[in-house]
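Chains A and B, in that order, give the protein sequences. With my numbering applied, the first sequence corresponds to residues 1 to 270, in that order. With my numbering applied, the second sequence corresponds to residues 1001 to 1249, in that order.
Please note that a few of the clues may not be correct.
Claimed, not checked - In silico BS3-like pairs for lysine-lysine, Cα to Cα no more than 25 Å straight-line:
no., chain 1, residue 1, chain 2, residue 2
1, A, K37, A, K187
2, B, K1149, B, K1022
3, B, K1218, A, K37
4, A, K102, B, K1234
5, A, K99, A, K28
6, B, K1149, B, K1234
To be verified - Derived contacts from chain B toward chain A, CB cut-off under 8 Å, selection only:
no., residue
7, M1133
8, T1134
9, S1222
10, S1225
11, L1228
12, A1229
13, N1230
14, I1231
15, S1237
Just so you know, these hints were derived from the structure itself, not from any lab. In this text, a Cβ means the ideal position worked out from N, Cα and C, and glycines have one as well.
What follows is each chain in one-letter form.
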Amino acid sequence: MVESKRNKNNDYSENINSHGSEVLLELKDVHKTFGTKEVLHGVDLTVCKGQHVVIFGPSGSGKSTMLRSINLLEEPDSGSVKVLGKEYGPGLNGDSAVKRGKPLELRRYVGMVFQQFNLFPHLTALHNIALPLRAARGLSVRDAEERAASELENVGLLPWAGSFPSQLSGGQQQRVAIARALSLDPKVMLFDEPTSALDPELVGEVLAVMRRLAQTGMTMVVVTHEMNFAREIGDLNVFMEDGHVVSTGNRDFFDNCTNERAQRFIGSVL
Amino acid sequence: MNTAGVSFQWGLIWDNRGILLKGLGTAIIVSFTALILSLILGLALALARMSSRRMVSMLASSYVNVFRGIPALVSVIWVYFGWSLLFGYNFTVFEAGVIALTLLYSAFFCEIYRAALVAVHKGQREAGLALGMTRLRIFLSVVMPQATKIAIPNIGSMYIGMIKDTSTFAVVGLVEVVRVTQNLNSVNFQPFVLYTAAAALYVIVAFIIDFIFRAIEKNLSSPPSGALANILTKKQSERIAVLIGKTYK
């Protein structure tokens, strides 16, 4: 049942970029203001299928806001948010006639993992995963629980299926949160500083799950301060500062960075 | 004051246990009906008060400020006699009691719910949205269960207050504990004995309600604990055990 739904969503193959790889999501000239402070000054980001994008930069640089614009948890003031070729943002100036997709539809393609895990504290690990499967995918209780169990097994937590979030360590909670997002078969996964709230000794288990996910070819956009992890998985590295994308680069970005500010930042964290 | 010559006829309580308990039953039924109604109305008011529409929010907050300030005695007289005079419609004393309590306590429940809804972390709603759930489903399956857990102790205290407030409905002739006590006293003239009995009944009920709400609270805590939780989550735990067992034998 899940398989058939997944296949139905594969009607976006016309979005091929100049390098021949499929563009999954595209931000163009995205602006966002909180009160009087503009936190995104027109950022662009193009993510292709299977790509692992790492976004880094100092606090307050707009990394999280950019990530949250992708699934419209932050509604951009202006700019284009295209996922699978469909416009979900306000659109670029001039093409207001573009028909916008609904956030609910967008979020079926985009999974998200939060810094604070955001598991539902009143539900078991299993039902944290089963609830969205029932609510957003319409699975029956039994199907949802079986799917949830297999997702828990994938992150090595099936024995904890009946545990409540308060009974799990931070690392385990984040692994459940990853399993929960993956259970909905997203096309792209967003990670908003997934290890920043964890004790140092728990970071490894979460990164291990993310590393394995990257190896399966999942498209990922990761905001992180874990520079070693970024260096390891980042196909596209994006350095942000003061609401601007200051510098981007591919795999050798960390070694051959020419941007002075990005260099200084990398030097201070690595 | 010389009390030496007064004899306390404690036996009166036992002799009239039936009628006293019946009065207590009336008090509980009136207050429980009002509890259910004011929980529903209170939730609606809380949502209205949190509405982004200024007019809706202002109406709800005016309601709260007006009805929170009215004593139960005034409220029931207003409903019972006022409606009859203004609209020619006569409520029964039971209806008047339920309506009076609901008007007052929905205002309190509005505030209790509002505080509880605000206390649910905003990340919970965001997680629901990111998982593709509708706002209604997030409210019902994510926010309300957590808000209810926060609100339950306050709702329990309020319910004890509601039962006590039914005592003022003696004034319109509702035959609850105080009215029964008044009637018995006018025949026997044993105010100390009879009102001690009335007080004891209220205290016992308060203990029982406290016990019940504690059980509900324990059931809503995570992980749920207590006998109630064991019964309610038994099937779910069994299903989880089966799912785990399929892989780990």
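Each hint, compared with the structure:
no. : hint                : in the structure
1   : K37(A) / K187(A)    : violated, 32 Å
2   : K1149(B) / K1022(B) : violated, 33 Å
3   : K1218(B) / K37(A)   : violated, 45 Å
4   : K102(A) / K1234(B)  : violated, 39 Å
5   : K99(A) / K28(A)     : holds, 16 Å
6   : K1149(B) / K1234(B) : holds, 20 Å
7   : M1133               : holds, 5 Å
8   : T1134               : holds, 7 Å
9   : S1222               : holds, 4 Å
10  : S1225               : violated, 11 Å
11  : L1228               : violated, 15 Å
12  : A1229               : violated, 11 Å
13  : N1230               : violated, 13 Å
14  : I1231               : violated, 16 Å
15  : S1237               : holds, 6 Å
The structure shown violates the earlier hints numbered 1, 2, 3, 4, 10, 11, 12, 13 and 14.
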